[in-house]
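Novice: Given two chains presented individually in distinct reference frames, assemble the corresponding complex, making use of the accompanying hints.
Chains as they are written, first to last, in our numbering: chain A, 1 to 114; chain B, 115 to 227.
A couple of the hints might just be wrong.
For lysine-lysine, the following DSS-like pairs were computed, each having C-alpha atoms within a straight-line distance of at most 27 Å [stated by the list, open to error]: (1) A:Lys71 x B:Lys182; (2) B:Lys156 x B:Lys129; (3) B:Lys185 x B:Lys214; (4) B:Lys185 x B:Lys172; (5) A:Lys11 x B:Lys156; (6) A:Lys57 x B:Lys119; (7) B:Lys172 x B:Lys119; (8) A:Lys71 x A:Lys57; (9) B:Lys182 x B:Lys119; (10) A:Lys11 x A:Lys71; (11) B:Lys222 x B:Lys182; (12) B:Lys185 x B:Lys222; (13) B:Lys214 x A:Lys11; (14) A:Lys11 x A:Lys57; (15) B:Lys214 x B:Lys156; (16) A:Lys14 x B:Lys156; (17) B:Lys156 x B:Lys172; (18) B:Lys156 x A:Lys57; (19) A:Lys11 x B:Lys171; (20) B:Lys214 x B:Lys129; (21) A:Lys57 x B:Lys214; (22) B:Lys214 x B:Lys172; (23) B:Lys214 x B:Lys171; (24) B:Lys185 x B:Lys119.
In case anyone wonders, no lab produced these hints; they're calculated from the structure.
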Amino acid sequence: DTGVSQNPRHKITKRGQNVTFRCDPISEHNRLYWYRQTLGQGPEFLTYFQNEAQLEKSRLLSDRFSAERPKGSFSTLEIQRTEQGDSAMYLCASIGTGGNYEQYFGPGTRLTVT
Amino acid sequence: QQQVKQSPQSLIVQKGGISIINCAYENTAFDYFPWYQQFPGKGPALLIAIRPDVSEKKEGRFTISFNKSAKQFSLHIMDSQPGDSATYFCAAGVSGGYQKVTFGTGTKLQVIP
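Only chain B is shown next, with the shape it has when bound in the complex (with noise of 0.2 Å):
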C-alpha cells in the first residue's frame, strides 16, 4: 500500500524556471511532511518541512505549499539552477509516534542551462 504518492517521476526544467513537485497522502494520521534531496552516492538531506497547521512554508527559492483537505502537498522550486539537479522526495510521518517517515517513490529533477 503506498501512503504517500508522488509526482513526476521525472522533470527537466530550464535555468530559471520553476520546478513543481506534487506529493498526496492517505493516512490522515499523518501530521509531518518533509522533503529531501538526494545527490547520486549520498543519503537524503532534509530540505524543507511543513506542519499541517500552515497551508505555505517558504525558504530561499523553496516552497511547501499544503492543502489538508485535498490530503496534497507540493514542492516549487523558483529560479531553479543546475545544482538543483537531483533527486526530490515527499515524505509524511506523524510527530507523536517515532518519527519514522513514509516516502514517496522520488522525482528525478534536471535543471538545463
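Same shape as in the complex, but just chain A (with noise of 0.2 Å):
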C-alpha cells in the first residue's frame, strides 16, 4: 500500500490548452474522489466513482471536464480549452470497501493557466 499518487504533481499551461492529470489510488479501493482546491480554501467536490461507474458529478464540473475510470483502477481528469479561473490544485482520494468512510488523498495536482 503506497498510499494514492497522482501525475503530474504540477502542471502550468496556456489559456485554451488542454491538459491531463492522473491518479492511481490506493490498490483495491473501489471509490474515487476528485476534489478542486483553490487557494485559501478548503476541497470542493467535483465527482465520484465507484469501480468503473461514475455516479455523481457536481455542478462545478463544467462540460469542458471529464473524467474517466475506465477498468476501476486509476483515473483520469481532462480538462479542455483551459481558462485562467482552473488555476486550482485537483485532489483525488480514494475509500475501500466496507464501512469505512475515511478518504485517503493523494498528495494533489496544481495546475497554473497563464
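Specialist: Next comes the structure, spelled out in C-alpha cells:
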C-alpha cells in the first residue's frame, strides 16, 4: 500500500490548451473522488466513481471537464480549453470497501493556467 | 451556499497552549464529521472523526466536541506543538450516500515556541 498517487504534481499551461491528470488510488479501493481546491479554500467535490461507474458529478464540473475510470483502477481528469479560473489544486481521494468512510487523499496536481 | 462554516480563518497559539477551531453546519442529513490536517504541498489527511451519536471523541491531544442541537462541532488541540502548524479543515458528510464530504474553508494554525 503506497497511498494515493497523482501525476503530474505540477502543470503550467497556456489558456486554451487541454490538460490531463492521472490518479492512482490505493489498490483495491473501489471508490474514487476528485476534488478541486483553490487558494485559501477547502476542497470542493467534483465527481465520484464507484469502480468504473461515474455516479455523481458536481455542477462545478462544466462541459470542459471530463473524468474517466475505464478499468475501475486509475482515473483521469481532463480539462479542455483551459481558462485562468481553472488554476487550482486538483485532489484525488479513494475509499475501500465496507463501512469505512475515511478518504485517503493524494498529494494533488497543482494547475497554473497562464 | 456554504454548508459548513469554519472559524477562525487563522490562529496563533503558544507552544503548550490549547488550539480551538469551530465549525457549524446547516444540512441536518450530515451524520459524519471528520477533521483533516493539511501541510503545504500535501493532500489533506484525516485527523479524527465523529458521528452524531456521541458528544465528544478524544484521540491523543485531539478532541472533537459535538453539539447536535446547535449543529456545531469543534476541534481542540491540547498541548499544541510547533509540528501542529498546518491548515485544519472540518468537513461533513452523509454516510448513507456516496461518502463525499463538504469541507469548511480552513483554519491556518501557527504554533509559536
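Novice: Flag every earlier hint the structure violates by its number, smallest first.
Specialist: Those not satisfied are hints 1, 19, 20.
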